[in-house]
Structure formats: C-alpha cells, structure tokens
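From first to last, the protein sequence lines stand for chains G and A.
In terms of my numbering, the first sequence opens at residue 1 and continues consecutively.
In terms of my numbering, the second sequence opens at residue 1001 and continues consecutively.
Source of the hints: derived by calculation from the structure; they are not laboratory data.
It is possible that some hints are incorrect.
Straight-line alpha carbon distances no greater than 27 Å define the calculated DSS-like cross-link-like pairs of lysine-lysine that follow [to be verified]:
{"id": "1", "chain 1": "G", "residue 1": "Lys211", "chain 2": "G", "residue 2": "Lys222"}
{"id": "2", "chain 1": "A", "residue 1": "Lys1017", "chain 2": "G", "residue 2": "Lys16"}
{"id": "3", "chain 1": "G", "residue 1": "Lys390", "chain 2": "G", "residue 2": "Lys129"}
{"id": "4", "chain 1": "A", "residue 1": "Lys1206", "chain 2": "G", "residue 2": "Lys211"}
{"id": "5", "chain 1": "A", "residue 1": "Lys1016", "chain 2": "G", "residue 2": "Lys17"}
{"id": "6", "chain 1": "A", "residue 1": "Lys1211", "chain 2": "G", "residue 2": "Lys211"}
{"id": "7", "chain 1": "A", "residue 1": "Lys1016", "chain 2": "A", "residue 2": "Lys1129"}
{"id": "8", "chain 1": "A", "residue 1": "Lys1099", "chain 2": "A", "residue 2": "Lys1186"}
{"id": "9", "chain 1": "A", "residue 1": "Lys1211", "chain 2": "G", "residue 2": "Lys17"}
{"id": "10", "chain 1": "A", "residue 1": "Lys1463", "chain 2": "G", "residue 2": "Lys206"}
{"id": "11", "chain 1": "G", "residue 1": "Lys281", "chain 2": "G", "residue 2": "Lys222"}
{"id": "12", "chain 1": "A", "residue 1": "Lys1016", "chain 2": "A", "residue 2": "Lys1463"}
Label pairs and their calculated CB-CB ranges [claimed, not checked]:
{"id": "13", "chain 1": "A", "residue 1": "Val1479", "chain 2": "G", "residue 2": "Thr34", "range": "51 to 61 Å"}
{"id": "14", "chain 1": "G", "residue 1": "His117", "chain 2": "A", "residue 2": "Gln1127", "range": "34 to 44 Å"}
{"id": "15", "chain 1": "G", "residue 1": "His258", "chain 2": "A", "residue 2": "Val1479", "range": "29 to 39 Å"}
If we take Cβ atoms under 7 Å as the criterion, some of the chain G residues that face chain A in the derived model are [stated by the list, open to error]:
{"id": "16", "residue": "Pro37"}
{"id": "17", "residue": "Ala39"}
{"id": "18", "residue": "His228"}
{"id": "19", "residue": "Gly246"}
{"id": "20", "residue": "Leu447"}
Ideal Cβ placement from N, Cα and C applies to all residues, glycine included.
2 protein chains.
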Amino acid sequence: MSASVKAYDELITRLKKSALLRSCSAILEWDEQTYLPPAGAGHRADQLALMAGMFHQEATSPEIGDLLQELESASEWEADSIEQANIRESRHEYDRMTKLPRRLVEELSRVATLSHHAWVKARQENQFKDFLPWLEQMIDLKREQAAALGFHGQKAYDALLDEYEPGATSEMIEQAFSPLRNELVKLVAAIHDSGISPDVSILTRKYPVEKQREFSISAAEKIGFDFHSGRLDIAAHPFCTGIGPGDCRLTTRYDEHHFPGAFFGTLHEAGHGIYEQGLLKEYFGTPVGSSTSLGIHESQSRMWENLVGRSRSFWDCFYQSAQAQFPEALTNVTQEDFYRAINDVRPSYIRVEADEVTYNLHIMLRFELEQALIAGDLQPTDLETAWNEKFTEYFGITPDTPAHGCLQDVHWSAGLIGYFPTYALGNMYAAHFFNAANQELGGLDELISRGEFVPLKEWLNQKIHQQGKRYRANRLLEVVTGESLSHEPLVAQLSRKYSELYNL
Amino acid sequence: MSASVKAYDELITRLKKSALLRSCSAILEWDEQTYLPPAGAGHRADQLALMAGMFHQEATSPEIGDLLQELESASEWEADSIEQANIRESRHEYDRMTKLPRRLVEELSRVATLSHHAWVKARQENQFKDFLPWLEQMIDLKREQAAALGFHGQKAYDALLDEYEPGATSEMIEQAFSPLRNELVKLVAAIHDSGISPDVSILTRKYPVEKQREFSISAAEKIGFDFHSGRLDIAAHPFCTGIGPGDCRLTTRYDEHHFPGAFFGTLHEAGHGIYEQGLLKEYFGTPVGSSTSLGIHESQSRMWENLVGRSRSFWDCFYQSAQAQFPEALTNVTQEDFYRAINDVRPSYIRVEADEVTYNLHIMLRFELEQALIAGDLQPTDLETAWNEKFTEYFGITPDTPAHGCLQDVHWSAGLIGYFPTYALGNMYAAHFFNAANQELGGLDELISRGEFVPLKEWLNQKIHQQGKRYRANRLLEVVTGESLSHEPLVAQLSRKYSELYNL
C-alpha cells in the first residue's frame, strides 16, 4: 500500500467518524422538531451544543489538514475519480470550517438563536422594526463571515452562497435568473389576462387528517420512497433529514381543510428522501456519499412534487383512489377540475404557498435583496420599503403587512443568506433533468399515467444520487444532460403546461 | 475559593459533560425502541458504539481520578453533605469503570449482542441447548468481571449486584428474602386452598387500543406524571428513560384484548417517570441528581402500579370513568368484580405476567440460581433442570417448555446478572415507604379514593426523589422511615389485602 493510499484510508476513516457524530445530532434535531416534550427544549439545546462542539473538534482536527496536504501533493488520483472528488470536497469543507475563527462561529450561533426568537415575535406582532436590530447584527456577522472565508475578487455574497451551492457564483445565477424573470412576468400576466380562474374551493373541503396521512404515504411509497428505511412524521416546519444508511425521515403537517399542503409537501419531502436513500451506502460520511448541493437536492424534491405530482398523467393514475379516499370532498369533482385547481396560478404574498410559476419570482426578489444587503447597497432599515416596491413590480400587488412581506421567511433570522437562490436553481435543474430522463426513457408521461415510477427513480438514482459530490452541480448537469444551466427548459415546460390550461 | 472547592467545581463540570453525552445516547436508544426504521438498525449500532466510546473516554479520564484524589484528601466536606455524596459516588462509578480492562468491556459487549440474538432464537424454538454455549461464555465473563472489580472477601456475585444496588450484599438481601419466601409460599397456598377464583375473563374483552391509550395517559397524568416534560409511546419491551431535565419518556404496549397489560404497565413506568421528573434539575449529571439504585427506582414504579393502582380506593376514584371509556367491556361489571379480577393470584410460569404475591417468588428463584451460577455451584448445563425443580417446589407447577421456564427472561443473555433481586427489593422498599407516607400524611386510602395523589407524590418527591444518591438505599430507607429493610411491611400489606379478598 502506497503512503498516499494509506493517508487516503486514514482520511476516509476520520470523515466517517465525523459524519457518524453529525448523524447523532441529526436524530436529536429530528426529535426536537417531532417528539420533544416542551419542557425539554433547554436540555436539548445543551445536548446539541455539546455535540456541535465535538463535531467541530473532530472535523477541524489538524490531522485532517495534514492528510489533505499529503494527498494533494500526491499525483496518483485520476481526474473525476472518487478519490479525487473526496479529496477536493473534503478540502473545501475543511477550509470553510477552519477559516472561521471560533469567536465568529459562536457569535453567529448565539445571534442566530436570539435573532430567530426576535423574528418569531416580530412576525407575530407584524413589527419589522422589532426585528431590524437583529437583522443588522446578522448582516454584519455574515459580511464578516464572507471576509473570513475569502472571495477572491468575486462578491462577498458568493462566499456565503458557496456554502449551499459549492462553486456557484451570483453572476452565473443571475445570467439564468434574468431571462427567467422576464419570461415568468410575461407568463403570469398572460394567465391573469386569460380571465380563467379555476375553482380552488374544492381543495379546502373536508379531507380527514388520517385519510390524508394514508394517501400521502401510499403516494410517497409508490414514487419510490422506501418506508423500510424511512418514516413520515408530523412537524410544524416540514423537512427531510437523511440520518444515515437505512434511515431517512420525512415530516409534513396536516390541515383538514387544505388538501395540497400535506400531499404535495409529502411528495416534495419524499423527493428529497429518495435522493438521500439513493446515495451509495458504502460511501456514507464521505463527499461522494453525500448530496451534491442544495440546488440539486431541490431539483429532486421539485421534480416529484411538480413535474410529476402536479402533472395530468400523475392524476390519471391517482385520481380514482383520491376520490375513494376522500368521497365527501371529491365524489362530484371531475379529474379535470381537480387538476386545474391544483395548478391554479395567481400572485400571492407567501412564498411557501405559491404556485409553480410565481414561485420563482418570490425567490428572485429575495436573491436580489440579500445580495444588496451583503454588498451594502441596501441598508437593513430600508428593507421593508425595498421589498414592497419590488414585490409590487413583480406581482402587481403590494404586501399588506410585514408578515406577508419581508418578515415571512425564517432564513435571514437564522443566518441563512445565500440559501434562497438554490430553490429556483432546483426548479431549473429539475427541468433539465426531466427532459433528459424523458428522452432517455421515452415518454415519461405515459409511464407516469400508468403508475410506473421505477424507471424515473432508477434513472435519477444512477445519474444523480449515486454520484454524490463526485461532480459539482453545473458539471453534474453537463455530464447527465450535456447541457449548461439555462432558463429555457423550465420556461418551455411552464409555457406548454399553462398555455394549455389557460388557453394562451 | 479554596483549592478543593475549585477542584469540586471542576469535577462537577466534568460529570455534567459526561452525563450530557450519555443523555444523547439515551435519545438514540429510545428512538431505537420506538421509531427507528427497520433498515436503520446497523447505522444505529454504529452511532451507539461511537457514543459509548466517547462517553467512556470522558468518564474515565485520568483528570477525574486526580480530582477525586485531591478532593478525598481534603477534609472540609460535612458528613451527609451533597458534596460528600457526589465525591463518594463519583469515586464508586469511576472505580467501577476504570477497573475493567478495555478488552473485557469490549468482549462483554460483543458477547452480549451475540448471546442476545442466540437467546431470541433459542426461546422462539424452545431449545435451551442452543442458548447454553452463550450462557456459559457469559457466566465466565461475568466471573472475570467480578474478579476485576474485586469483592473484598464477599461473594463474587456481590461485585455484580453492586452495579445495580450500590452497597447491597447478597447476604443482606437473603436475610430479607428468606422469611419473605416462607410467608409468601404460605400465602399462595392459603389462597389456592380458599377455592375462590375471580372471573378474569372480563379483562380480556374488547378494550380498543386508542381508548386504552387515552385512559392510561389520563391516569398517569392524574397520579403526577408531567406530560409537559414527558411522553408516552409504544415499544415492544416497555421501559422508562429519563433523558434529562424536562424530558422523561415512558413506553408501553397495547393488546386490544388484555386491559391490565398497558394500563398497569403505564402506571408502573409512570412511577419510574415521576421519580426521574422529581430529581433536582440543578444537580443533573451528578450523583445527587441521579436515582439512588434500581431497587429504590423499582419501589416507585411498584408503589404506583400495585399499592396505589391495584387498590380498592384507586378504583373508587377511577372505575366510573373506566366504565365510560370501555362501555362494551365493563357496563355490566361491578367495581368489586373488576377489583377482584385485577387482583387474581395464581401460580403462573411467566414473571412479567405474575400477580403481586407470586411475583416475588419468581425473583427469588432467579436470585438463587444466578448466585449459584456465579459461585460455580451450578453449572449452566444443569440450569434447566435446576430451574424446573425449584419452580415446582415454589409454585407447585412445572414449566412445560424452556420458553415458559429458564429461557423466558432477557437478562442473563444481556449480561444483567445481579439485576433480578432489585425487583423484589423494590417491592419491600415500596411497602416500607408506603407505610411511612400513610402515617405522615394520614389516611392514604382516603386521599386516593378521592383522587388526591398530590400529597403522596410530593412526599415521595421530597423524601426520596430529591435526595438522589445522597444516601445509599438502606441508609435512605432509615432516614425516611427509621426502619431497616425487612420483609414484614410487605408481608403485612399482602396478608391484609388478600385475606380480605380470599376470606383467609
């Protein structure tokens, strides 16, 4: 065994140990969101802080730095090999973690906790000014974080973005967002002008919670989420967490009088879950056994939720059982009316409730504003006004309260800046991937309407999930589809679908 | 601040850190028994092994040894003070953990896992000989463990017992068990000879699971388990686990056609839970913030399950709501018939299904046999015969299969030797404590029949729970009741109750 093979094995052992420790925290976090008794919150915070400290100590140990240096100076790694990818991405992660001074890490964590509480209260009371001082502190800290990470002549924002979408830059994203924005604004206007307005009241009839749960689980199972290696529980803020091999957990929330929330929420999280379950178990804890980026992750959830779940063919397969499951709500509703209701497009204030078309505009607005905040071109004190102006420009309506405007999302209060664009990236990636799968598998619509989800799932497993971090997102897109990121596939898909629905 | 106060604070900080780490494992263990997806078992084993290793490293660090030595040579600790108790019990724990060579700890853990699997299979297939080689290995390892721990002229068995009941000796236990055994054998015979046999079929009518759950939760809440700081979930092998301040979790299992299982099981676990919730939060992670011993723990669960839950006064308070909750099963059943059914006494094979009277005989049989195994007076190969002979002697019936005999319990396969006597100790302690509470509070029966459980709960909180490990079990008994351990209170209680029920 050569010295560098030995060093490589040692690196992998250390990475796996850190990841195993991290996965213990993941269970504590999952439990915090699902089953933790209210009075246990303080103890849970203590547990998580201890685990975070131990993880940080493991993951930033100087021995990892030495191993990486030794491995980088060896020349025996083939381009695009698993080894090369693991070394490249471990270096990326190690540098990100070691570049931040401990004081800054602790300060970010402390301010995020306090700021989050302040945000919850400010949103409840609809007072942007109560959140403002925390936002100001957070922006300062994030700029300090960007400076510590370094951004090599690019924008400070890019150093933050890099945490969620490694290798991406705001310039590259803006190149795709800019034409997307134009096309979407036109499409939304055309839909509005069509005068067609589906009857969405059928979605707020009575859908008993237990029936929703059964139906969501059966759909998630059918598209390929493995409940032998996973679960579905209830949480106030739905999420998916991949604990480790054989253990991936989804959450959702039920409203007896709103069908789409839990159902499409579950499909969305199951899409994330199918990705996590598709990672190669033998690489658990290493970059090649981990998801590529948040954008690619979101491409999977959005594909199952929207391109599959909100398609006509999906309901060819599922509508009969939906009627049987919810006779009170759906007996007298045609499949066509149901399909139109779940694809209603209209401007609305709240991102997480937005339809497929307007959703991306919500993201772009945030992407622009958070870039301006980090660049110093927008002062936090002016955020509410800037938000409302831009919102009116994009949507033609003006938020009536901060809770329906700049206070609606948790992200900034938690220090998640650079995170938003990954949602719209996910939509664009999904459109690319879906087209490629459609070509290679031949007639996805046909398969879906017959309830045959295995071919698509296995295609995604092989092309995307099993690659882990072997390639970065844009490179993965090229390898899988031969294409570079573009707004066109998404615009084409949306135009086709909604032209038909709204007689455009 | 004196040097030893500084050392004491440092010790406490280290103990709390270990305990916090241990409490993270406790959540992983709870999750393993409740919600873990089947395919996640392997990853969970990896997580738990990592955490156990990290805990062991923390808890056996030489710095703790140095601090203990420094603190023991200082003379400023008052007798019976919190500081003295924390130092004494940390020393006890530290010595137990550091005395065992790492090889033995790992071997015990490895053999326990394999032996447990062999036991599950052997019990299923009713083949004692398939379990025998594992039992032999386990007995050898436990004797080796006892030797490593040291037993200072006492029996090797006592070194094992000491893990569960610190400071207890088999001689002391036998002194209480011996007269208890005589009295119980007489009582069982008298009950048998009475010719009275309650109609227990009313307990196996239809009790819908969801209704059982509601009823169990409302009873657990009423006796004082705080669901704001705890939960009740389902597990195949019911248990209670105190995670930490504000977080204590009970589990039970439901059988639609067996009322007592889940109900008294929940009261039992809630009794453990009330103890855990009664520990002083500010001492979390230190001996004074931890339960005294398994025997004392069991005294709490048994008290709420039997002395309270199976009393006539308890059902004065609960029977009407039981009838309302289970109309199909109980509408035509009188409270008296119900009371008699839940207190049916008869010899049976299975310990966990045994009544209050015969239960202790099950324990004594195991206590005698496991002592003989460790002493070498009984060879594992002769266990089945010895079990059946002794069982016939005590119960007048002979187990028909090993699954109903020496293969029924998990303990020995898991290396839990010295654990069994704590169950019967718990029954004896419970009788002592209940008498004392009855005298001090005046008329517990009266309070219970009015549904007033707060006085008893608060008495236990103050006298027992808040003491933690300040005193060892026997000393605690003396401090609280002025008495030494004796079979008499338990025998008196059982005689009084069952003489009335069986016209003795």
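**Study point:** Structure-inconsistent hints, enumerated in ascending order
**Key:** The structure conflicts with hints 7, 8, 9, 10, 13, 14, 15 and 20, although it agrees with all the remaining ones.
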